[in-house]
Amino acid sequence: DTGVSQDPRHKITKRGQNVTFRCDPISEHNRLYWYRQTLGQGPEFLTYFQNEAQLEKSRLLSDRFSAERPKGSFSTLEIQRTEQGDSAMYLCASSLVARYGYTFGSGTRLTVV
Amino acid sequence: RKEVEQDPGPFNVPEGATVAFNCTYSNSASQSFFWYRQDCRKEPKLLMSVYSSGNEDGRFTAQLNRASQYISLLIRDSKLSDSATYLCVVNSAGGGNKLTFGTGTQLKVEL
Chain H
12 DTGVSQDPRH KITKRGQNVT FRCDPISEHN RLYWYRQTLG QGPEFLTYFQ
62 NEAQLEKSRL LSDRFSAERP KGSFSTLEIQ RTEQGDSAMY LCASSLVARY
112 GYTFGSGTRL TVV
Chain L
1027 RKEVEQDPGP FNVPEGATVA FNCTYSNSAS QSFFWYRQDC RKEPKLLMSV
1077 YSSGNEDGRF TAQLNRASQY ISLLIRDSKL SDSATYLCVV NSAGGGNKLT
1127 FGTGTQLKVE L
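Taken in order, these protein sequences are the chains called H and L.
Start counting the first sequence at 12; every next residue gets the next number (this note's numbering).
Start counting the second sequence at 1027; every next residue gets the next number (this note's numbering).
The hints are simulated quantities; they were obtained by calculation from the structure and are not laboratory data.
Errors might be hidden in some of the hints.
Stated by the list, open to error - PhoX-like cross-link-like pairs, simulated, lysine-lysine; straight-line CA separation at most 20 angstroms: (1) L:Lys1105 with L:Lys1071; (2) H:Lys82 with H:Lys68; (3) L:Lys1028 with H:Lys68; (4) L:Lys1134 with L:Lys1105; (5) L:Lys1028 with L:Lys1105; (6) L:Lys1134 with H:Lys22.
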């Protein structure tokens, strides 16, 4: 499969727990993006990597959120001390050149109970 | 004001109808424009890029008006399988290469 892979597909966690999601981009893509989407809304930008460098972070990315992309390959998004408001679909996307659009993974659906 | 604005719909149309979606964007320096399609509980998928000269892909036609900061998508001879949410997407200059998505317009094609 040469698409963008995300793991897990679904995650249910109790409030206050930490969760980590993984994204494997298309291998030749050097740009990787994380977005969050809630019901009835479009995806909202969280952060962006070019190779291993995190070049931009949204104001939405509070101190409880951290993302890494070691060695410029896969990326992880960690949420510490989860809150119910963190419940959403977390989407990863990758691209070679942004002006040609992104390819999204299937997303990780997080439910905080 | 949101960077990308769309009418959320839903647009309920009969099969075979022509339907048009509109979108406006606020950043006049925006450089690239797209329409994405998103099925229920699935990831967004690139439908087509939008160029100033207008472009067509089968039953789908996209137009860009830079002066009015307006993007449109026309679907002709709509099919049941066209039922989805259509997201207007803009890549803004100086935006760090990120894409900004509208809230999406929901289309329901009915028999």
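Against the structure, the hints:
Between L:Lys1105 and L:Lys1071 the alpha-carbon distance is near 18 angstroms, which keeps this suggested pair within the 20 angstroms criterion. Straight-line distance between C-alpha atoms of H:Lys82 and H:Lys68 comes to about 19 angstroms, which keeps the hinted pair within the 20 angstroms bound. In summary, the hint linking L:Lys1028 to H:Lys68 is supported, as the alpha carbons are separated by about 19 angstroms, within the 20 angstroms threshold. Taking the CA atoms of L:Lys1134 and L:Lys1105, the gap is about 10 angstroms. The hint holds against a cut of 20 angstroms.
A distance of roughly 31 angstroms separates the Cα atoms of L:Lys1028 and L:Lys1105; the hinted pair therefore is violated under the 20 angstroms criterion. With a C-alpha separation of about 30 angstroms, the suggested pairing of L:Lys1134 with H:Lys22 is violated against the 20 angstroms cut-off.
The structure is inconsistent with the numbered hints 5 and 6, although it conforms to all the rest.
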